[in-house]
Amino acid sequence: MDPVTASRLLFDAAAGLAILFACVMVVHRHPVKSVLALVVSFFALAVTYVLLSAPLIAAVQVIVYAGAILVLFLFVLMLLNVPEEIRQKSGRPIHQTLSAAAILVFAVALLATLRAHGSPGAVPGSPSAPADIRAVARLLFSEHLLSFEALSILLLAALVGSFCLARREGSS
Amino acid sequence: MTALDWAITALRVLVPVLAILMALPILLWLERRGAGLIQDRPGPNRVGPLGLLQPLADVVKFFMKEDLVPANADRLLYVLAPAIALFSAMTTFAVIPYGATVPVGGREVLLVGADVSIGILYLFALTSLSVYGIVLAGWSSNNKFSLIGGIRSSAQIISYELAMTTAAAGVILAAGSFRLTDVVAMQTGTWFGFIPRWNLIPQFFGFVVFYVAAFAETNRLPFDLPEAEAELVAGYHTEYSAMKFAMFFMAEYINMIVASALTVTLFFGGWALPGFEPHGIGGAILSALIFFAKTAFFVWIFIWVRWTLPRFRYDQLMRLGWKALLPIALLNLIWVAFLVVKGWIR
Amino acid sequence: MIGDGIPLGDVLLASAALFMIGLAGVLLRRNAITIFLSIELMMNAANLTVLGYAASLHSLEGQVVVFFVIAIAAAEAAVGLAIFVALFRHTETIDVNRINLLKW
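Heads up: the sequence lines are chains A, B and C, in that order.
Mapping of the first sequence onto the numbering used here: position 40 corresponds to residue 40, and the numbering continues sequentially without gaps.
Mapping of the second sequence onto the numbering used here: position 321 corresponds to residue 321, and the numbering continues sequentially without gaps.
Mapping of the third sequence onto the numbering used here: position 81 corresponds to residue 81, and the numbering continues sequentially without gaps.
Source of the hints: derived by calculation from the structure; they are not laboratory data.
Predicted, not measured: the structure shown is a model, and the values here were computed from it.
Treat the hints loosely; a few may be bogus.
[As the list claims (entries may be wrong)] No more than 25 Å apart at the CA atoms, straight line, and that leaves these computed lysine to any residue pairs for SDA-like:
no. : chain 1 : residue 1 : chain 2 : residue 2
1   : A       : 33        : C       : 65
2   : A       : 33        : B       : 241
3   : B       : 342       : B       : 323
4   : B       : 323       : A       : 109
5   : A       : 33        : C       : 59
6   : B       : 61        : B       : 36
7   : A       : 33        : C       : 30
8   : B       : 323       : A       : 159
9   : A       : 33        : C       : 73
10  : B       : 323       : A       : 156
11  : B       : 144       : C       : 89
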C-alpha cells in the first residue's frame with residue numbers, strides 16, 4: 001500500500017473537491033451557477049498542480065482559465081440572459097440511453113486499463129523536486145520557440161475571428 | 001517542523017494581516033479628513049479629538065444597520081460576492097516583502113508571508129479572482145443599475161489588468177525572477193554613489209502605466225464610474241447594506257494598500273534605501289518602518305487624487321486602457337529587454 | 001512539511017473521473033454553454049494526466065505542453081463564444097435540440 005503522506009492527503013482532498021464541483025457543474029440547471037462551480041473546480045485543480053511540482057502552471061491556470069476564460073463565459077451568459085433550464089422530458093430518449101451506455105462502457109474500460117497497468121510508482125512531491133521556472137522558460141523559448149510564435153499568431157487569429165463573428169451586421 | 005518553525009510562519013503571516021486591519025480605521029479617518037482638507041472644510045471633527053473616533057462610529061453604524069437581502073436576489077451569490085472580494089484582497093499581501101531578514105534562532109527569516117517561486121503571479125491570480133466578487137455582486141442583486149455597474153467594473157478591471165501586468169513584466173524581466181524578494185534585492189545599492197538603484201529610473205513609463213492601472217484596478221477615482229454616486233446610484237454595491245457593504249468597503253481599502261505596497265516594491269525599492277544596511281532585529285524593524293512610510297505616501301496620493309481629479313467617462317476610460325496604457329507598457333517592455341541584453345541593468 | 005509520495009494511480013484516477021464527468025456533460029446536457037464548459041473540463045482532465053506523468057518522469061516538457069493547451073483553450077473559448085453569440089442573435093435559443101437546421 002502506498003504510504004500516506006501529507007502531500008498525498010492534500011492531493012486527494014483537492015482532487016476530490018475538483019471532482020465534486022465538476023459534478024455540480026454538470027448537474028446544475030442554471031448556467032451561471034455551473035460556471036461558478038467550474039471556477040471552484042479549476043481552483044482546486046490549480047492546487048493539485050502545485051502539489052505536482054508545477055507552480056507556474058497552477059498560476060497560469062488561475063490567471064488564464066479561472067480568471068479570464070470563465071469570466072468571458074460569465075459575460076456571455078449575462079449578455080445573452082440565458083435562463084434557467086427547465087427540467088423537461090428530453091425529446092431524444094434514444095440519444096440519452098445510448099449516451100449513458102457509452103459513458104458506462106468507457107468508464108469500465110478506463111478503470112480496467114488503470115488496474116491492469118497497476119500503480120506505476122509514486123510521484124515525487126514538491127520541495128524535493130521543485131520545478132525551476134527558469135528551466136521551463138528556457139525550454140519554452142529554445143526548443144519550443146516555433147510553437148510559441150505559432151501560438152501568438154493563433155491568439156491573434158482568435159482575436160480577429162471572435163471580433164468579426166460577434167459584431168452586429170451593418171455596424172462599422 | 002519544530003514549534004519554532006510554526007511560530008515563525010504564523011508570525012510572518014499574522015503581522016502584515018494585523019497591520020493592515022489596524023491600518024484600515026486610520027485610513028478611513030485619513031480619507032475623510034484629507035477630503036476635508038482638500039475641499040477646504042473641516043471634515044469629521046465631532047467624534048473624539050480631531051474626529052479620531054469617527055472610524056469607530058462608522059463600525060458601530062455598520063454593525064447596527066439592518067442587514068437585508070433584496071427579494072428575488074440570488075441569496076447564495078449575494079452573500080458570497082463580498083466574501084470573495086474581501087478574501088482576494090486580503091490574501092494578496094502574502095507575497096509582498098515588508099522588511100529585511102530577521103535573525104531568529106540561528107537562521108535568517110525573510111519578512112514576507114510566503115516566499116513562493118511564482119511570487120507576483122500569485123498576486124495577479126488573486127486579482128483575477130476578485131473580478132468574480134464584483135460581477136457576482138452586480139448580477140445577484142437583481143437590479144439593472146447594479147448589473148450595469150458590475151459589468152462595467154469587471155470590464156474595466158480586466159482591461160487594466162493587461163496594462164498593469166505588462167508594466168510589471170518589465171520589472172520581472174529586469175529582475176530575472178518572479179519573487180518579489182528578488183525584485184527588492186536587485187534595487188539595493190546606488191548608481192554613481194548617490195542615485196538609488198530603484199526601478200523607477202530606467203522604467204519610468206512602466207511606473208506611470210502601473211500606477212495609473214492600479215487606480216483603475218482598485219476602482220478609485222478618476223476611474224470609479226462603476227460606483228459613481230451620480231451615475232449608477234452606487235453601482236454594483238447599490239443593494240448592499242451593513243456588514244456586507246462594510247466588507248466591500250474594506251476590500252477596496254485593502255486593495256488600495258496592496259496596490260501601493262506593490263508599487264513601492266516593484267519601482268521604489270521596497271524596504272531598501274541607498275546606504276542602509278539592515279543588521280539584526282533593529283535593522284529589520286527599521287526596514288519595515290521604511291516600507292510602511294513609502295507605502296503610506298502612495299496611499300496618500302490615492303486619497304489626494306480622488307478628491308482632486310474629475311472622473312473619466314466610461315468610453316474614455318476604456319480608450320485610455322487599451323489605446324494608451326497598453327502600447328506604452330509594451331514599448332516599456334521592449335525598452336527593458338534592450339537594457340537587459342546590453343547589460344545595463346543587473 | 002510537504003514531502004514525497006503522491007501515487008501516480010491517484011492522479012490518473014482523478015483525471016479519469018474528471019474526464020468521465022465532462023463526457024457525461026457533453027453528451028447529456030442540452031444547454032450549449034454547459035456543453036462547452038464540459039469540454040473545458042475534459043481538457044483540464046487531460047492537463048492533469050500530462051502533469052502527473054511529467055512529475056513522475058521528472059520531465060519539464062509536460063509543463064510546456066500544458067502551457068500550450070491552456071493558451072489554445074483560451075483562443076478556442078473566445079471563438080466558440082463568439083459563435084454562440086452570433087447564433088443566439090439569429091435563433092433566440094441555445095438549446096442544442098432546437099439548433100438543428102444547417103440552413104434557414
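| query | Which of the listed hints are broken here? | reply | The structure breaks hints 1, 3, 4, 5; every other hint is satisfied.
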